[in-house]
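Which chain is which? The protein sequence lines are B and A, in order. So the mapping is simple: our numbering equals the position in the first sequence, first residue as 1, plus 502. So the mapping is simple: our numbering equals the position in the second sequence, first residue as 1, plus 21.
The reader is advised that the hints may include incorrect statements.
What the hints assert, rightly or not - Anything over 10 Å on all C-beta distances counts as not near chain A; from chain B, calculated:
(1) Asp586
(2) Ala629
(3) Thr689
(4) Phe731
(5) Leu736
(6) Gln775
Stated by the list, open to error - A partial selection of chain A residues facing chain B, derived with a Cβ cut-off under 7 Å:
(7) Arg114
(8) Ala130
(9) Thr131
(10) Asn133
(11) Ser135
(12) Thr561
(13) Trp565
These are calculated hints, taken from the structure and not from any lab test. Where a beta carbon is used, it is the ideal one built from N, C-alpha and C, also for glycine.
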Amino acid sequence: MWSLILKRIGVGLVTVVAVSFIIFAGTKILPGDAAQIQLGQNATVENLAAMRAEMGLDKPYLIQYFTWAGNFITGDLGSSLASDVPLTQLIADRYQNTVMVAVLTALIGVPISLLMGILAAMFPGSAYDRVLTFVSVSLVASPEFLTATLLVLLFVLGMGIGTAVVVGSTEGKGFFSLISHFALPITTLSFVIASQLIRMSRAAVLNVMSSPYIEMAILKGVPRHRIIFRHALLNSIGPIVNVVALNLAYLVTGVIVVEVYFGYPGLATLIVQGVQSRDFVMVQGLGMIFCLTYVILMLIADVAAYASNPRLRHPK
Amino acid sequence: MALDKSHSDVVFQAKDLRISAFREDGAELPIVKGVDFKVRRGEVVALIGESGSGKTTISLSSLGYCKPGLEFSGGEAILLGNDVTKMTTDELRPSRGVNVAYLAQSAAATFNPSITINEQVTEAPVLHGTKTQAEANQKALALYRALELPDPENIGKRYPHQVSGGQLQRLMAAMALCGDPSLLVLDEPTTALDVTTQIEVLKAFKHVIKEEGAAAIYVTHDLAVVAQIADHIVVLYNGEVKEAGPTEIIINRPQHPYTKRLMAAIKPLPEPGQSDGNSDHMDDTPALEVYGVDAGYGKKSDGQPAVKVLRDINISIDKGRTVGIIGESGCGKSTLARVMAGLLPASSGETVLNGQTLPRALQQRSRDQLRQVQFVYQMADTALNPRQRIIDILSRPMEFYKQLNGKTKRAAVEELLGLVELPPQFAERYPHELSGGQKQRVNLARALAAKPDVVLCDEVTSALDTIVGANVIELLTRLQKETGVSFVFISHDLSTVASFADEIVVLYAGRVAEQGPTDQVLAPPYHPYTKLLIGSVPETRVGWLEEASQTREAKSGAAGAVQLAEVGCAFTKRCPIAIMGTCDRIDPPRRLDAQGHIIECHRELAEL
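Between the sequences and the hints, there should be enough to build the whole structure, so can you do that?
As structure tokens, then:
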């Protein structure tokens, strides 16, 4: 199993390197370069050449790549072209918001969704199962801004609870005041990830439920809840952790609509700003951070799936 | 659960029991049509019949359980005085696993792969509160000892994949017996096992059933097994009882025509003189030959396989002849077929087809070379695409190899169906609308569609009932006479091979133990492994099990499972006449007698 995990880490590293190539190449393919953007209207031929020499843009691409990658590894993401502030500093503020919302959503949304899916698998074809299927399909079909708008209409305008715009510092707040601070974004995101998690956990458990060892458990007189939670769930962890990891990665990197809608600054908004202002350094840096988030989460999911498989955990 | 012990010693009774399948449109399809029988304390009652006879469905009724889609539709199933057909799942639960316990056909599928063995064995009595965990552990340990499992103190801490198939089958018996049930339901518990393992498991079952004083319902289609273990036999056909009575009487003096047919379909014991044995095809070049073939899985840096399964295999198959390949599971039988087909390229050696050396890998063989060697898989269920009609399944190879057009397609498919004795209307059906035997015929027809010279049959009758299997063998014999095709027939069932093959290759752990014309292999001198296999084929007579398990071969043969050996003879550990210091260190010499009969053994032919 350890060799398998090492192999998996190796695959992860290769992915990161491959993505770094693509991100670097992508910013080079686009017209214009960092020197041009920095100088803007003042770009004379001499100024440009001087600026490029200063930024190292006159060197071969390969050397530029290794300089950039080397700096990234040591934690130096460079400075924003737009504001000349170190990127690490820009990200630090935003990262807190994004990670906070992601973690809170994961803590609340993931267990509830999984439990709902597993309950549906316990009583397939029941009224509860049908209603849940209908609701989860509706949720996956409705875009985030619609869900968010409906939630604001219902809670803020209808019942007068919470705020439609998330403002203020999160510093010094406890767990529950943080939840109320981010209540609406968390709810919106939970709805978004819930549908996939519910459907996947239901399918994974149902898939195992048709196995002969489940029939054996029934014939041994094992009650239904124990069949699900002791006999079936252990064998369906693999597919479930993968969907959980994918959804967590989405929470960190892809929540642009929710961030903009509720007006709190996060990473997804930052990368969009970077693209708009043609801030190559920022796009590169954030691209790599998003890539690392995905790779690490998927690595954890795969290791968890290995660990749940007794054939790998206890070889012959 | 009021136990009505005073009433009688009847543990279970079916009274006019009826079970039906209900289709989605509400139509009722009777499966069990009014069955009556009794099981008394300390008695083993066998339910025998072909697949579709309702024997499993009836046996499960004693637990008050119907497979999804089935329902009780009349009569009673009385377990310890209570009619379980009228009880709800919640009422039944306390009784399951404690009053009545079930053993399924495949232990490998019945054990949860993610839970340790001991927890699964002790689960029912602990859950139902009839034993504390400590008491259940103690009982389990006693059962592991009684079932002669290796390392009984620690085997429970393992996961199911960490023990062998035969051990798992015995552990399932421990799981069933741990709750001290009054009734055991055994559903074909030895059918999936090798004959050598079957003896061990049967012996263990018989021993614990006697010791625990439990009653049992034993479901099987194998009369030879029934003769060893049952006190009473109930013969079922199409959901009805055809004949019932004590084992001695049913086996020796069957009355009902169906029972007589079942008895007639029992394969004769593997003895010389069964195959037709005419050797007048010898003038031609052989259809298929393999020379010095080594093969295995994984890859080392020097191009040799990491795990070498086959070593130095030499086989020659004449045109229109059959070579049987036999051995226990794990001996490399299927690997050899895969090498012949090119699915697994050999690491050294040659495969020669009609005098032409074939490229080792499938990808390098020409379309015509591919056509000449066809493969038939064991499980017709999984080998046939469930979403294709039979006409599509059969016409695909013809289009691929012979550029058949649409008009002649239908006629060609119908001709093929005729060849395997199926009506032409079957062309429009889907595989699930066919019975197991019919599916196997389609599976065979698909291989024949390419008009091959050699057909590799991998355990094609193993999943079939006795009568259906015998019909398939008859069909193969006829096809061979009509088309002149050669068969490589792989099976773990020596009786089937003996009745059908012209030549037998006995494989053990990837090496040839013995090889030669069928009559020679089945007559002395024997390789010790061949002797073990022949002695393990169950005979349909009461008392055989006790005699067979006392032989020298059976006692030492029970010592272990098939294990590959880098040096020396792999059979050493299980061999009653092994020469320590020689057999385990030096590869056995190949001893050849005048009739082309080869035995690989350190002992002289005269000693065997």
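Find the nearest Cβ of chain A to the Cβ of Ala629/B and say whether that gap is larger than 10 Å. Holds: least Cβ distance 19 Å, greater than 10 Å.
Compute the least Cβ-Cβ separation between Gln775/B and chain A, then decide whether it is above 10 Å. The claim holds: Gln775/B sits with its nearest Cβ about 48 Å from chain A, beyond 10 Å.
With chain B as the partner, please determine if Thr131/A meets the hint condition of a C-beta pair closer than 7 Å. 5 Å, holds
Non-interface claim for Thr689/B versus chain A (Cβ beyond 10 Å): Nearest chain A Cβ is 35 Å from Thr689/B, so the label holds.
If you take the shortest Cβ to Cβ gap from Ala130/A to chain B, is it below 7 Å? 4 Å, holds
Does Asn133/A pass the interface hint, meaning its C-beta sits closer than 7 Å to a C-beta of chain B? 4 Å, holds
Verify that the Cβ of Phe731/B lies farther than 10 Å from every Cβ atom of chain A, and report whether the claim holds or is violated. Non-interface label stands for Phe731/B: nearest chain A Cβ at 12 Å, farther than 10 Å.
Could you let me know if the closest chain A CB is still more than 10 Å away from the CB of Asp586/B? For Asp586/B, whose nearest Cβ neighbour in chain A is about 54 Å away, the distance exceeds 10 Å, so it holds.
Does Thr561/A hold up as a contact with chain B if the rule is Cβ-Cβ below 7 Å? It is violated, given that the least Cβ distance between Thr561/A and chain B is near 30 Å, above 7 Å.
Should the label of Leu736/B as a non-interface residue stand, given a Cβ cut-off of 10 Å to chain A? Not fine: 4 Å to the nearest Cβ puts Leu736/B too close to chain A.
Hint validity - Ser135/A Cβ closer than 7 Å to any chain B Cβ: With Cβ-Cβ at 4 Å, under 7 Å, it holds.
Would the stated hint for Trp565/A survive a check requiring a Cβ distance to chain B of less than 7 Å? It is violated, given that the least Cβ distance between Trp565/A and chain B is near 31 Å, above 7 Å.
Of the hints listed earlier, those the structure fails to meet are numbers 5, 12 and 13, in rising order.
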